[in-house]
Amino acid sequence: MNRVRNTKLILWLISGFAAAIALNRFIFGLGVTTNLNDRTPWGLWIGFDVMGGVALAAGGFVITAIFYIMKREEFHPLVKPAVLTAFLGYVAVVFSLLIDLGLPWNIWHMIIYWNPHSPLFEVGWCVMLYTTVLFLEFSPVPLENFSRYARIRNFLMKYRFVFVLLGIMLSTLHQSSLGSLFLIMPFKLYPLWYTSILPIEFFISAIALGLMMITFESLLSHWIYRRKPETDIIAKLCRAVVWVLLTYFLVKMIDIIVEDKFAMIFNGSWQSFLFITELLISTIIPAILFAVPKFSRNSKVQWTGSIMVIVGVVLNRIDIGGLAMLGATGDSYTPMWTEIFISLGIISVAALVFLFAIEHFNVWDIQPKEPDALPHTLPSFDYSSKTWLGNPDVSSLTTHSLAFVVSFAVGMFLIPGSRLHSKGIENVKVNPASGFDTLFINGNRDDRFVKFPHQAHIAWLKDHNVSLSISYGNNELSINSIDSCQACHHLSLPLEKQSNCWQCHSSMYTKTNFFNHDWHAAKSGANLRCKDCHTPAETRSLRSAKKCTTCHPSYKFAAEVKNGKEKFYALSYTDAMHDLCVSCHAAESKKLKDKPNLARCTTCHKTYPEGSNGLPESLAAGLKWKINPPKFNNVILPEEKLVK
Amino acid sequence: MSKGILTDVTKCIGCLQCVSACKEVHHLEADEPRIWQKNDGLSAENWTSIITKPGNRFIRKQCRHCLEPACASVCPVGALHKTKIGAVVYDSSKCLGCRYCMMACPFGIPRYDWDKIVPHVEKCILCYDKIKDGEQPACTQACPQKATIFGERSELLKIAHQRIKENPGKYINKVWGEHEAGGTSVLYLSDIDLGFLSYPTNIGNKPLPDKTKTAMESVPFAFVGMGGVMLGLNWIIRRRMEFAKDENKKKDSADE
Ligand code: SF4
Ligand code: SF4
Ligand code: SF4
Chain W
1 MNRVRNTKLI LWLISGFAAA IALNRFIFGL GVTTNLNDRT PWGLWIGFDV MGGVALAAGG
61 FVITAIFYIM KREEFHPLVK PAVLTAFLGY VAVVFSLLID LGLPWNIWHM IIYWNPHSPL
121 FEVGWCVMLY TTVLFLEFSP VPLENFSRYA RIRNFLMKYR FVFVLLGIML STLHQSSLGS
181 LFLIMPFKLY PLWYTSILPI EFFISAIALG LMMITFESLL SHWIYRRKPE TDIIAKLCRA
241 VVWVLLTYFL VKMIDIIVED KFAMIFNGSW QSFLFITELL ISTIIPAILF AVPKFSRNSK
301 VQWTGSIMVI VGVVLNRIDI GGLAMLGATG DSYTPMWTEI FISLGIISVA ALVFLFAIEH
361 FNVWDIQPKE PDALPHTLPS FDYSSKTWLG NPDVSSLTTH SLAFVVSFAV GMFLIPGSRL
421 HSKGIENVKV NPASGFDTLF INGNRDDRFV KFPHQAHIAW LKDHNVSLSI SYGNNELSIN
481 SIDSCQACHH LSLPLEKQSN CWQCHSSMYT KTNFFNHDWH AAKSGANLRC KDCHTPAETR
541 SLRSAKKCTT CHPSYKFAAE VKNGKEKFYA LSYTDAMHDL CVSCHAAESK KLKDKPNLAR
601 CTTCHKTYPE GSNGLPESLA AGLKWKINPP KFNNVILPEE KLVK
Chain Y
1001 MSKGILTDVT KCIGCLQCVS ACKEVHHLEA DEPRIWQKND GLSAENWTSI ITKPGNRFIR
1061 KQCRHCLEPA CASVCPVGAL HKTKIGAVVY DSSKCLGCRY CMMACPFGIP RYDWDKIVPH
1121 VEKCILCYDK IKDGEQPACT QACPQKATIF GERSELLKIA HQRIKENPGK YINKVWGEHE
1181 AGGTSVLYLS DIDLGFLSYP TNIGNKPLPD KTKTAMESVP FAFVGMGGVM LGLNWIIRRR
1241 MEFAKDENKK KDSADE
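Residue numbers (the numbering used here), protein chains in the order written: chain W, 1 to 644; chain Y, 1001 to 1256.
Looking at chain Y on its own, in the form it has when it is part of the complex (with noise of 0.2 Å):
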């Protein structure tokens, strides 16, 4: 029972009800423009943002709740964590501040409290103290078009698969966030190329936590293969010393 958020772009009008239910859901302040602040609306006190593209398309923007995700496996002391339900939470009580998290994220969603003086990592949580009471997060149940909905991640594919078999031509043929990094909770249905949600406009479909692994698993046979090396080295080394002072000692007594 993974759950999940499927989001279809052309239903959305923009209205940012979504934005101001998950504000007031977690209390999150009113927000002003600052100076480190990314262009896609998402912010310390924004978890959600509308990006507004041409031709009238919105496109809601949150965290997406990898399978494998980026954030959690780089996180030095497990503050974040993939919960069972989907949803992808943040224990501030761990964080050291490292920022890792942010520089790790293909999505570049977590964002930083840089004016508080206790910072924390902000992000969407997807509702976890709401979706593990089997309610649904606020920002869809806000959404007056349910442009965005709540559901088993399962359920959500087949219904996104069904929406495109059913409107030919309207949607391009892909749910992002199927296999993208691995798949994702957060799915989206779009018209529109949504490769701009993340860096770089393809990030393959690997999970990205598989290329710290081969290194990460390689750590102990360096530890105890530096170890010997230094240590045969060191045997060998002081072997060809006593040998030359064996020598030495020949030639002299030969020399007498």
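Okay, chain W solo, but in the shape it has when bound (with noise of 0.2 Å):
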């Protein structure tokens, strides 16, 4: 048992998991990785990574304030490892918008196009200068080590105390202008949530949440490498976070009154209870534990407590950067396992990164070491276990990348193909059109019908002595013989039993591969008479298999040409129907000057008056069970649902 090796270990899978995902964020862009959409165009990562991230980091200007400018120097030992927590929280705030953005190579644009008016732009550039300021406020603690450097640690050291005020008045300015972000939806952002004071509120909460975190990073981390933690010192912070809660729940209780908004609390809808959760946590609970001294000095009490503010803070940033968002967007978005671990990962190296430098700088008062370590052996290779022993330095760092590595290679492998090639569009099967004479096609689920008049064309087709030729895929199709079925149905079941065009066009807006091998296995005697379709003594595969047309020679296909191999193809069932309608229309339209509707989309894609669909009723009736609800992206809005 080894507590810091195996926290490193997880951390490290996790960090391999995420960088995997990263990759092929870049590779295959947002749309297929994530599941933000054109309704939700923010989701987890900006929600939890940016918003709760630059929260989280706010224990830094907190404990300067507290140290620098209160001079209290009770909380020394708690100074640098929060500047330190502080800083790795910003530029993995940075690091997830790089994941975010769309552009992210453009994200400098900031510094030369401006635009004072954008709240994102005052965010983007006091996090820009905060980071700085915080590399510049811990740098001295790394440069203790290099003495080479002394005069730029004394430098930095004589000026600390201007870039402490500086980085106060930088975080005091985005900490709250994370919330003026959001000042301009009124119309999205649920009414619990949305206030003209959200800047106020963030700020007070921001205070409190890094008061919090300095304590939870200082547990934990004490916790990892086993050493005593700092009650004492924590208690004080405990007691003071009290006061912050009490004022956040004030402001944002009388803030609510004034806006007559307090019935809504209770008013049963999920975002009412969302609300309740949030504040119980983030507020009220702790402010009660801390408030009983007893409770506020008992290090269980503390754990406790300080992870009921962060994760209710952290639930107030995600509920504000999205979740309270969904009733009015109407929108499904939860995030996707990808999102979760690229947040995951992100975490995990700055974990890592903060356990690297308290391993190696002094960071904490009494430099802690991975345990058993031996210092002064030099390490060796042994080969049977193909691991390096002696230095715990050296030889975790081989398990830890082999970790990255196998998880790296875990990670591409669990990515869903499918949900990378293609290309975001939805795989959607087709509804059978039903009716006889009269045909009714639901193909989309939209619940309103194509009514095709099947008897009406045979006869105007018998009528008119129709020439025409389409072209589908690549293929040409000739319509001239209009005694065959086969101009529109153009390939024939077996014992030319009559196709419909939903049993090969299967999806609706992809096309697919409708050839059933099974079947013709089976037909001609499975594995004995493979070599009636494929050369014999060669790979049995596509390449070596006769053409369909070889045996089917009436059928009409498409085809497309891969490799120097033909492969056949069924159009989607949008594209084979508006191929074979619209173009006959089209042509036919031309012809007959007295009916100029006849290509036009509404003369087929009619909305019926509500309820009836315009069927008859009683088929209307027996359709019903067939009609899948509207889903995500049909045409019609929600409310016309015409059948129930």
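Hints were generated in silico from the structure; no laboratory data involved.
Check before you lean on any hint, since a few could be wrong.
[To be verified] Here are some of the chain Y residues that sit facing chain W, going by a computed Cβ distance under 7 Å:
no.	residue
1	Met1102
2	Ile1117
3	Leu1233
For glycine and all other residues, C-beta sits at the position ideal for the given N, C-alpha and C.
Relying on the hints, combine the two individually framed chains into one complex.
In structure tokens form, the structure reads like this:
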């Protein structure tokens, strides 16, 4: 059991996994690797990584204010780790942004193109400056190890107060400006969260969160390195946070009462439950816990309370960053697992850097070592176990890099290729048309039918000696023998049974391979007569098979040539229907001067008066069971669903 | 001279000529239903769309070219901006891809190239290239029914009010876009309620950018103020500590 090494192992595993996902995000784009969409363009990465991340890094400015400005010397042991956490937090935020932005290589544009009206512009600048300031604040610590740079270090130490002051000022700005980001969306954000004092609420809650992050980070790292927690100093933070939380609670409540939204808290909607939960976890319970002096000195309560505030305030950021908007946008965004792992991965990398820093620099007053470290032995490579023995730094490096590589590979393997290569096109099964003489085509799931008078078409085709050619895929289909059903039903099933469009064109929007190998194999005696189609003594593949047209000369196939071999496929249902119907209608409408409407979309795609669907009552009733509820990409808006 | 478009819902026959004209002019590709699209037919490849409502009502959706656009006010790099002629245009070379504009638009207009590796924001630009040379947009030109027409915004408003007056009972007595969200350059006349075009059915008449103005204007004050407060606090605390030291010294000397 080695806590340090196991912690690191887990962190390395997650980082490897996340790295694989991040790579795919850049290769395939945001659409297929996340659940972000046109209704929810900001998701988990903004809500949690950026907004939560900045809030979580608030410990830096809070502790420096306490230590340097208010001169509370007893907090000295907490300062350096907190500044380090804040610095890493901001770097993590920048990295999350780089992954979330559509054009991350343009991130520096904020420096040259200004729009001071935009809260995001201000946040961007502050984050940029504050990260630099944090870097300057922290760099004296690692510089201590290098006497060469003593001059720089002295310089930085001399102006430390200036950096601290600047840091606090910048933090005030962007912690609150993160709230201003949402001021422009009163129409999206649920009223319980939306208020014109969002920036102020954000600032106060950031202070509370900052205090609790210092607490939590100290407790956690001491647990990992099995050291005695700094319970007494932490108790002071816990008592301080009570006041901050109280202020936060009062400001929030007064605002809600003034804006006359109090009744909303108990209106029973999911948002109201979310709001109550958030307020309980982030404010009420921890404030009560820490208000009891005995509790605030108890390290178990310190753990619980700090975790609650952290989870609660981050939940608040996630709510405002998107969750509490889902009601208004009507979307059902849930982060895809890839998004979650990227977030975890960024935290893991930051944590690893943190652990590295406290092991190598004087972040703590006493520098920890990985336990069982034998600093004076040179590592030796053990050939039987293929690992480095002796120096744990090196030997764990082998394990850890191995963990990284393995989980990277697993990550690459687990990302569903079908989703990556789908280009985000929905895979929708086609609903068969129903009816006989008049067909009702409800291929799409939008509950609107295209009426297709089959008999009328046959009659019309017989009357007019139609001759025209339609191109579909790369092929030409000539309709000139109107006697044959094959003109439209271009592939008949065995025994000359009629074929229906959806049987081959089975996918609404994507082309499909309709060749049924099992069926052909079974028909000709499985495993016995492969040579009927495949060239004998060659690998049995598409390459060695006969063309479909060899046996079915009268069928019309769409084909594309790939690697010198023809590949047959069925067009998507929409393409097939439009190719067939529209090309004929368009051509005919030109000839018939009196019927110019024949080729207009609305001639077939009609909306019928509510309820009737334009169908005979009896038929409409019988059809209902087949109708799928409209889904995401449906063209009509939900409230007009015709059949419930 | 601020141009605009007036769309008369009662005249539209839903022929989609405007949609295809727009696609042609702006070289937009064929659209396929993607998992990230919204229900209104707009997409990265469709800058305008026809929403069908019961009773064969067709409503053309497109960017409203707000007089005070929320999208332009939030863009951190000013990639979107309102031109003098009325169009809200997009400069893809500035854009970061933060998608704040998509979040802020009350009409849910801007779309994203979710499938591209170099994605941009996509929306109607009021055919800026054409109108600045005195031509009219492709969509209004293509409309066979003159259901959607182009002109000076003030003229269009006059026409709209005139139509309402001349056909009593035909329209709802309101020109959509005259006042909403501070007014928009794209106006609608209709006999059915068009509230569904914006996120909340009633977004009010105040321009949205005003909401952030106070907060953004107080930024410098907050910055300097916080600095002042911290310095002051520091000064007081130091003095107190010095006092305490002096007191201690005095006490020590008194003890001796
Ligand atoms: S409708 Fe939306 S995208 Fe168009 S100008 Fe207004 S805010 Fe911008
Ligand atoms: S996505 Fe581009 S255009 Fe939209 S706000 Fe961000 S930088 Fe501006
Ligand atoms: S104005 Fe131009 S860009 Fe906008 S919808 Fe019409 S054709 Fe498309």
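- Run the structure past the numbered hints and jot down the numbers of the failing ones, going up. No hint contradicted; all consistent.
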